[in-house]
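Visitor: So the sequences go chain by chain: A and B.
According to my numbering, the first sequence holds residues -3 to 110 in order.
According to my numbering, the second sequence holds residues 129 to 245 in order.
Among the hints, a few may not be true.
[Said to hold, decoys possible] Think about it this way: if two alpha-carbon atoms lie no more than 27 angstroms apart in a straight line, the pair counts; the simulated DSSO-like pairs of lysine-lysine are: (1) Lys97/A x Lys181/B; (2) Lys183/B x Lys97/A; (3) Lys97/A x Lys131/B; (4) Lys185/B x Lys97/A; (5) Lys131/B x Lys56/A; (6) Lys183/B x Lys199/B; (7) Lys97/A x Lys199/B.
[As the list claims (entries may be wrong)] Examples of chain A residues toward chain B, derived with CB under 7 angstroms: (8) Gly39; (9) Phe100; (10) Gly103.
Just so you know, these hints were derived from the structure itself, not from any lab.
Each residue gets a CB set at the ideal place from its N, CA and C atoms; glycine is no exception.
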Amino acid sequence: GDSVTQMEGPVTLSEEAFLTINCTYTATGYPSLFWYVQYPGEGLQLLLKATKADDKGSNKGFEATYRKETTSFHLEKGSVQVSDSAVYFCALSDPGSGTYKYIFGTGTRLKVLA
Amino acid sequence: DVKVTQSSRYLVKRTGEKVFLECVQDMDHENMFWYRQDPGLGLRLIYFSYDVKMKEKGDIPEGYSVSREKKERFSLILESASTNQTSMYLCASSFQAGGRGGRETQYFGPGTRLLVL
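Chain A with its partners taken away, still in its complex shape (with noise of 0.2 angstroms):
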């Protein structure tokens, strides 16, 4: 079935490094692809999004490139705040497959030290 794996955290960073969170996915169709950032004591909210391959979903300085060839969606920011504190999860919904359901990664950890 379809799946998603991220790379485990934590991530710890200084202020001004750049990230990257890997992500890559299974998926028995065409899925779309979305970044979830949930930031201390509330719910996931949207980060970015792309819906076909080789978009770039991008917000807040955050971006990400749907790759079909290797099946990735990783995140990226060049410059991160200690504001981006926060777990990040990404996630995959592919209604090719005939469910409904959005599969979510495990999640991973971003800490930003000033």
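Based on the hints, put chain B in the right spot on chain A.
Guide: Just chain B now, kept in the frame of chain A:
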């Protein structure tokens, strides 16, 4: 702004109690979801509803039931709470956009942290 609200942020219950978690969304979304979030396991789907009175089991429905009598409200019921149901519970909603599943963004509530003693 889309708003998904959950009835409680924190809840403490005793083993064997019946527990109701309520979720309300204000965007006329067709789909609503209940997840539980546990460290190292990510989000796991408990139940899903794609219309009023319609529901489907997710990956871990055992010990839970749901109710959707109105489009905006989706309730999760723990018939007889057990300690292994101590967890964070997240409600979400989304548009259907022509299909039950899809490419639509899910909008989440703030979560209910449930402790069963």
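Visitor: Now tell me if each hint is right for this structure.
Guide: Verification of the supplied hints:
1. Lys97/A x Lys181/B: The given pair, whose Cα atoms are some 19 angstroms apart, holds under the 27 angstroms limit.
2. Lys183/B x Lys97/A: Distance of about 13 angstroms is within 27 angstroms: holds.
3. Lys97/A x Lys131/B: holds, 21 angstroms
4. Lys185/B x Lys97/A: Holds, at roughly 11 angstroms.
5. Lys131/B x Lys56/A: Holds, at roughly 21 angstroms.
6. Lys183/B x Lys199/B: Holds. Lys183/B to Lys199/B sits at ~12 angstroms (cutoff 27 angstroms).
7. Lys97/A x Lys199/B: holds, 19 angstroms
8. Gly39: holds, 4 angstroms
9. Phe100: holds, 4 angstroms
10. Gly103: holds, 5 angstroms
Of the numbered hints stated above, none is contradicted by the structure.
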